[in-house]
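Protein chains: 2
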Amino acid sequence: MTLPRKDFFELPDGMIYLDGNSLGPLPKTVNSVLSSMVTDQWGAHLIKGWNVDDWMGQPMRVGNMVGKLIGAPEGTVTMGDTLSVKVYQALSAAVQMRPERKVILSDSGNFPSDLYMAQGLIAQLGQGHELRIVAPEDVMEAITNEVAAVMITQVDYRSGRMHDMAAMTAKAHDAGAVMIWDLAHSAGAVPVDLAGCGCEFAVGCTYKYLNGGPGAPAFIYVHPDVIEGIKPALSGWLGHDAPFAFEQDYRPAMGIERMRVGTPPVLQLTALEAALGVWDGVEMADVRTASIRLTDLFITEVEKRCPELTLFSPRDGAQRGSQVSFAHDNAFAVMQALIARDVIGDFRAPNLIRFGFTPLYIDENDVLGAVEVLADVLDNRIWDDPKYKTKGRVT
Amino acid sequence: MTLPRKDFFELPDGMIYLDGNSLGPLPKTVNSVLSSMVTDQWGAHLIKGWNVDDWMGQPMRVGNMVGKLIGAPEGTVTMGDTLSVKVYQALSAAVQMRPERKVILSDSGNFPSDLYMAQGLIAQLGQGHELRIVAPEDVMEAITNEVAAVMITQVDYRSGRMHDMAAMTAKAHDAGAVMIWDLAHSAGAVPVDLAGCGCEFAVGCTYKYLNGGPGAPAFIYVHPDVIEGIKPALSGWLGHDAPFAFEQDYRPAMGIERMRVGTPPVLQLTALEAALGVWDGVEMADVRTASIRLTDLFITEVEKRCPELTLFSPRDGAQRGSQVSFAHDNAFAVMQALIARDVIGDFRAPNLIRFGFTPLYIDENDVLGAVEVLADVLDNRIWDDPKYKTKGRVT
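Listed in order, the protein sequences are those of chains A and B.
The opening residue of the first sequence carries number 1313 in my numbering; numbering runs sequentially from there.
The opening residue of the second sequence carries number 1313 in my numbering; numbering runs sequentially from there.
Incorrect hints may have been included.
Stated by the list, open to error - Pairs of lysine-lysine, DSBU-like flavour, derived with a Cα cap of 35 Å:
no., chain 1, residue 1, chain 2, residue 2
1, B, K1318, B, K1703
2, B, K1414, B, K1543
3, B, K1360, A, K1318
4, A, K1701, B, K1360
5, B, K1340, A, K1318
6, B, K1699, B, K1318
7, B, K1414, A, K1360
8, A, K1616, B, K1318
9, A, K1699, B, K1360
10, B, K1483, B, K1414
By construction, these hints were calculated from the structure, which means they are not laboratory data.
Since the structure is predicted, the reported quantities are computational estimates derived from the model, not experimental observations.
Work out the full structure: start from the sequences and follow the hints.
Have a look at this one:
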């Protein structure tokens, strides 16, 4: 198996797409698989599709596919909802597991929605919980025996800085805390060994490195040792032990299925299931090697050619996920000018240009081509044009 | 405009589909619209689709389309998540609005997932709330000044029995309670006047009478008078006032957008948006008239031809949604035999066969054809065959 496998994706001619860490490109199989599901399953089987096409089993089936990419055993991952909802499920279960502790520990590198969901949960609980947010480099020290749950995104969405999952999980457990990992920028980007690290919970999304399409469903992993003790806060019928018995009282399903909530998004799951086919025969170790090579090359070339940019990501590849960010006082305009030239990355407030490197479809030529355009935009102050400075809605 | 408009749907030859109250059939436009979105938006625009194709505005745009069918003003409905999650959002907001009251009132005709979500919320809150479940006919009397929120599904999923939204909402308000309506079996089935009834919350799904496809997103309506006071329990980034400012603290968006949580399911929303086109030029009053005519005819014919069945739905059309259920001791096997003969309804435990009548694509001939097959299955005890009695997973 060699990387990249560009042939698996629809990549617009002339575009250098360095934003697979926001939204992966379209895998070539998705449209026909989805269209066939719509016509031959929904159209032909209608309600019977839940059984004959096993839509009902899809969250677990796809969960197992995702599980393989993050070191999770069969039957420990399920799909559905959005990442924010999955964060809420994990966090509410975690604080329930440590009722005598009131601190939820996170870091300022966490994605804001994770922090917002924690704030919403805390307000809802009204039990005096505190969301304690420390700098990423201070998390290890802040894991004390006051902490109920450590809720951390492994790869920082802005800088790409990585936490050591095994070490932090061990520290959390030593302190008697529950560990929750958000793998939004990890799944499909870096090797993850959930079983090995021993964390209780992990959550993530599938529209970034897993190429499931806009609004692709989230995943949740729960360690088999703790799942049977969890009373889900979002106790929906598809997490019930017998959904179609229509009992009046909730009884959680055995195992990870209790983390299901409502009716699964079959169209999105079908697109995702097809998209996951691009991983057949791919080793995450090879992806990681290629990723470090590409990001190292990008940093070297940008620092050579673009002296006005300041590296915001870790220089050491081992400390960095699959993305690189640079700071610039006019980052927004610089990125707009790049996008206008078909080099696609994104802006992250207040002053970052961010580029994702996805070895499934990005190679050295893309890196060098992107640097060429970036150098041109900066050297010739192309960004210094009012048309690039108007902030509309940005993603 | 005349009904039905069967030409708008893919309906398998020979199938009489009386299960649009579980999953609507495929509208003909959906496949090409969805395929075009996948190829021409996701495939061609990638991350830029959030802006250039206005994926970000889709939950509100589609929400307004749904709003028109349920009497909700522009800007009061948004889309996303599942119905169970939307129930949770509405209910947690409602109990927050009445902190001094501890009773959530519902009825035994409510869909179990609504009750389960209430149970999960109550356990989570740990503030001594009680879920009080009474018989449907006792709800009005049970609305006392102990009640914080009345959470009711208008149309009973088994019997089709309807509650009077205006009267019950008025009673709730007289008692100082907050009113939440679940419109799962109402939206697209019966005329609904949310603005007129004055309820604070309404939620519903879109894969039944709105034909959005399996796993289509849910909707939530919040009355404009109360929305600005709501602190969402599920405080996700897309309900933040400035999602892309990536602030550390949650600040709710103005208006209904605060009920958004995570990244919207663009593929499902695109299918739904196309599906909603079938309502262009349709008046809900005409749908209702046709629905009562069809269900009356079905009841009359079944009672004439199938004496061993007992009507479980209200006989008075004005008290009934767009579905009819009959009881039979071998309901499961009877329904399996019907399905094997391409008359599609569903079984609801313990002893009901249930049929939905959807005037957009069902007419008198379908009704008479279905009765013919049903009479044959019963008269000739076709259901009394082991192959129809094995309960696998049923939907």
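Query raised in the report: Is the hinted pair A:K1699 and B:K1360 satisfied, with a Cα-Cα distance of at most 35 Å?
Result: holds (17 Å)
Requested in this report: Sort out whether A:K1360 lies within 35 Å of B:K1414, counting only the CA atoms.
Outcome: It is violated: about 41 Å lies between the C-alpha atoms, which goes past 35 Å.
Query raised in the report: For the pair supplied as a hint, B:K1360 and A:K1318, is the alpha-carbon distance within the 35 Å limit?
Result: holds (20 Å)
Query raised in the report: Given the hinted pair B:K1414 and B:K1543, is their alpha-carbon gap at most 35 Å?
Result: holds (19 Å)
Query raised in the report: Does the alpha-carbon distance linking B:K1318 and B:K1703 stay inside the 35 Å limit?
Result: holds (33 Å)
Requested in this report: Measure nothing beyond the straight line between the CA atoms of B:K1340 and A:K1318; if it is 35 Å or shorter, mark the hint as holding.
Outcome: Holds: B:K1340 and A:K1318 sit about 33 Å apart, inside 35 Å.
**Report entry** Pair hint outcome, A:K1701 versus B:K1360 [Cα-Cα no greater than 35 Å]
**Finding:** The given pair, whose Cα atoms are some 17 Å apart, holds under the 35 Å limit.
Query raised in the report: Given the hinted pair A:K1616 and B:K1318, is their alpha-carbon gap at most 35 Å?
Result: The given pair, whose Cα atoms are some 65 Å apart, is violated under the 35 Å limit.
Query raised in the report: B:K1483 and B:K1414: Cα distance at most 35 Å?
Result: This hinted pair holds, its Cα atoms lying about 18 Å apart.
Query - Pair hint B:K1699 and B:K1318, alpha-carbon separation not exceeding 35 Å - result: It holds: about 33 Å lies between the C-alpha atoms, which stays within 35 Å.
Checked against the numbered hints above, the structure violates hints 7, 8; every other hint is satisfied.
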